[in-house]
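Trainee: Now for the letters of each chain:
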Amino acid sequence: MDSILAALQTVASPSILFFMVAGTAAGIVIGAMPGLGSVLAITLALPLTFVLGPEASITLLLGLYCGSVFGGSISAILINTPGTPQAAATLFDGYPMMKKGKGGLALGWATTASLIGGLVSTAVLVLAAPLLARLGLMFGPVEYFALGLFALTCVISVANEDLLRGGAACFLGLLAATIGQDPLTGDIRLAFGSFELAAGIGLVPFLVGLFALSEVFWRVSERQSGMPDDLPKSAFEFPRAVELLQRWKVIVKSSIIGTWTGILPGVGATAASMVSYAEAKRTSPNRDKFGTGEPDGLIASEAANNGVTAGALVPTLSLGIPGDPITAVMLGALVIQGITPGPRLFVDNGDLVTFIFVALFFVNIAMYVLGAMLCPVFSRILRMPEPLLLSGVLVLIAIGTFTVNYNPFDLVVALAAGAAGFFLRLGRFPLAPIVIGFVLGPMIEQSFRQGMILNDGNVLAFFTQPIALALFVLTAVFVALPILRARSEKRARSMPG
Amino acid sequence: MPRSISDLIGGGAFLGVSALLYAQTVGTGFSDAEIARDPVFYPRLLMALLTLVSIGLVVRSLVGKQERPQPTPVWWRLLAVVLLTAAYFLLFDVVGFLVASLVAMPALTVLLGYRRPLVIALVTVIFVVATWYCFAEVFVIRPPGFGLDDLFGWF
Chain A
1 MDSILAALQT
11 VASPSILFFM
21 VAGTAAGIVI
31 GAMPGLGSVL
41 AITLALPLTF
51 VLGPEASITL
61 LLGLYCGSVF
71 GGSISAILIN
81 TPGTPQAAAT
91 LFDGYPMMKK
101 GKGGLALGWA
111 TTASLIGGLV
121 STAVLVLAAP
131 LLARLGLMFG
141 PVEYFALGLF
151 ALTCVISVAN
161 EDLLRGGAAC
171 FLGLLAATIG
181 QDPLTGDIRL
191 AFGSFELAAG
201 IGLVPFLVGL
211 FALSEVFWRV
221 SERQSGMPDD
231 LPKSAFEFPR
241 AVELLQRWKV
251 IVKSSIIGTW
261 TGILPGVGAT
271 AASMVSYAEA
281 KRTSPNRDKF
291 GTGEPDGLIA
301 SEAANNGVTA
311 GALVPTLSLG
321 IPGDPITAVM
331 LGALVIQGIT
341 PGPRLFVDNG
351 DLVTFIFVAL
361 FFVNIAMYVL
371 GAMLCPVFSR
381 ILRMPEPLLL
391 SGVLVLIAIG
401 TFTVNYNPFD
411 LVVALAAGAA
421 GFFLRLGRFP
431 LAPIVIGFVL
441 GPMIEQSFRQ
451 GMILNDGNVL
461 AFFTQPIALA
471 LFVLTAVFVA
481 LPILRARSEK
491 RARSMPG
Chain B
1001 MPRSISDLIG
1011 GGAFLGVSAL
1021 LYAQTVGTGF
1031 SDAEIARDPV
1041 FYPRLLMALL
1051 TLVSIGLVVR
1061 SLVGKQERPQ
1071 PTPVWWRLLA
1081 VVLLTAAYFL
1091 LFDVVGFLVA
1101 SLVAMPALTV
1111 LLGYRRPLVI
1121 ALVTVIFVVA
1131 TWYCFAEVFV
1141 IRPPGFGLDD
1151 LFGWF
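As given, the protein sequences belong to chains A and B, one line each in that order.
According to this note's numbering, the first sequence is numbered sequentially starting from 1.
According to this note's numbering, the second sequence is numbered sequentially starting from 1001.
Each hint should be verified, as a subset may be incorrect.
[Claimed, not checked] Label pairs and their computed distance ranges (CB to CB):
#1 B:Thr1072 / A:Val252: 43 to 49 Å
#2 A:Lys99 / B:Val1125: 47 to 53 Å
#3 B:Ala1019 / A:Phe195: 21 to 27 Å
#4 A:Ala480 / B:Gly1027: 35 to 41 Å
#5 B:Val1026 / A:Thr464: 30 to 36 Å
#6 A:Arg380 / B:Ala1019: 49 to 55 Å
#7 B:Val1094 / A:Leu474: 25 to 31 Å
#8 B:Val1095 / A:Gly291: 32 to 38 Å
#9 A:Gly291 / B:Val1099: 51 to 57 Å
#10 A:Trp248 / B:Leu1062: 32 to 38 Å
[Claimed, not checked] Under 7 Å between C-beta atoms, here's a sample of chain A residues computed to sit facing chain B:
#11 Ala168
#12 Pro183
#13 Thr185
[As the list claims (entries may be wrong)] Here are some chain B residues the structure puts well away from chain A; computed CB gaps all over 10 Å:
#14 Gly1016
#15 Gly1027
#16 Val1063
#17 Val1095
Simulated from the structure, these hints should not be mistaken for lab results.
Everything numeric in this text was worked out from a predicted model, so none of it was measured.
Glycine included, each C-beta is placed from N, C-alpha and C at the ideal position.
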């Protein structure tokens, strides 16, 4: 109880409130800009976490995360273009509502559903994370290695259903993390004789280059750009309480689908909103009207994608395993603060964990209030010419990357990562496994080698430990699933008729 | 880029990366250590896995079916932006944030096809100065080069 009161007191302090409002508002704006997305929002803010305290950093990142996931719905409703992939299912009914002159109400439904999705998943986080962390306290190096492997394979298996490309990207991320000092012996390896590389590749320049700078390169290389000039103006309109009560089943079910999907490593908010939309379409009493501007479809997508936010934090906080690239970057930000997510976090930094729960709750409230207040501004913001937007992002990339260490080499790393990211996108190689491999790499290497030392170099002994064995089996299932699915689809296609 | 080509190029590039990194682990003298304490054992394991996957990509490119090609990038514009970014990053440390950004931001905007000088000038000045102020005064992170306080100190 004391820690909850202390967390409430911290959240109520002016600086935390400032970062909550600023982070959420910036997240909504970035999320609303088609193509920018949650990862870019968080990677751009990452350098700031070096100078902010843990509470301020966490609040800023949570605000950006929740705000950007919700923000994607705004452009989906107003201009039929999802700001983020997570909002792809929102446009199925959001834009038709807009065309019927109910754009304000559509925004109202999106905001309300996002709030409820966020709050339900926060409640699940509060209940599930400590339990999972208690299980995690039984983990030794071998179990951590198995868990790390499991997290990686989940990402590979959902990386466009292409194991080879996902695997290549993942090994690339793991290899990049080995450059520099060996975590066990302190020897320098793979540094090419470079003094700068001997310290390893910095997390911030690597991530900012890979995601943010490559996004700039990608967008300038495309022929089409810019927003439509004739954006409609929409006033925000809250849904009526009676209607809200009539649709409580779809809201709660979609929130739970989103939360559960978020807990599963690597599945993500896009899949959550699609699954939730499909489920609502199957069971809603208004299913015949789906696709023509039915609020149930909009609610299903938005409650689910915001439900993912706290769901993805469950494995991140309790086991130190990020559920998606966004939480991987957040994990990196926590490590920068000297906080190591995992079971020990709940024992050693219980107050901070309580603060995260309370902050997440209030971030969702802030998202609701800001979403309602700023709606008239969004159609104006969406008119911003893309060249101005991209050049502004470039300035933020440069200052954010440079001021972390005041080291020009970081800009070289960012530029190289940006160029690599561009070519990987061009070849349809997924970037998410690279970042998850890079962030999890040190933990996987350390636990693997410590496990080897503990078992006298006998890798087979890893399989004699029950928790590790269960995780290895799950890993094998997750790797095999996409292969089996592809085969069965191929067989179904080749069947006559 | 069709999938077969991207698989071939990607697989070839990853094989090159593996070979390059492997060359860095040869002759280091680390290999005398016990396997788990050998600093290059784990990276070599990853290189072996990357090599296997890369071979898989190359083989698939030769036998696999075609995929819908990606739209061709506007290469000249991309190259110009990469060069501009490199020049901006280089200038960043030499002349500082304010000057470098006041030059690079409008240059990039014009390069991307936006041609309203007054809007560009206004947005550039407001955005760059506001960013400098946020970093230097709010977050107390001093951007490189001279700042607004130095500028106003002249008057």
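Trainee: The structure should be examined with respect to each hint, and the outcome stated for every one.
Mentor: Checked hints:
| no. | hint | verdict |
| --- | --- | --- |
| 1 | B:Thr1072 / A:Val252: 43 to 49 Å | 47 Å, holds |
| 2 | A:Lys99 / B:Val1125: 47 to 53 Å | 39 Å, violated |
| 3 | B:Ala1019 / A:Phe195: 21 to 27 Å | 24 Å, holds |
| 4 | A:Ala480 / B:Gly1027: 35 to 41 Å | 40 Å, holds |
| 5 | B:Val1026 / A:Thr464: 30 to 36 Å | 35 Å, holds |
| 6 | A:Arg380 / B:Ala1019: 49 to 55 Å | 53 Å, holds |
| 7 | B:Val1094 / A:Leu474: 25 to 31 Å | 53 Å, violated |
| 8 | B:Val1095 / A:Gly291: 32 to 38 Å | 55 Å, violated |
| 9 | A:Gly291 / B:Val1099: 51 to 57 Å | 53 Å, holds |
| 10 | A:Trp248 / B:Leu1062: 32 to 38 Å | 56 Å, violated |
| 11 | Ala168 | 5 Å, holds |
| 12 | Pro183 | 9 Å, violated |
| 13 | Thr185 | 5 Å, holds |
| 14 | Gly1016 | 12 Å, holds |
| 15 | Gly1027 | 12 Å, holds |
| 16 | Val1063 | 13 Å, holds |
| 17 | Val1095 | 13 Å, holds |
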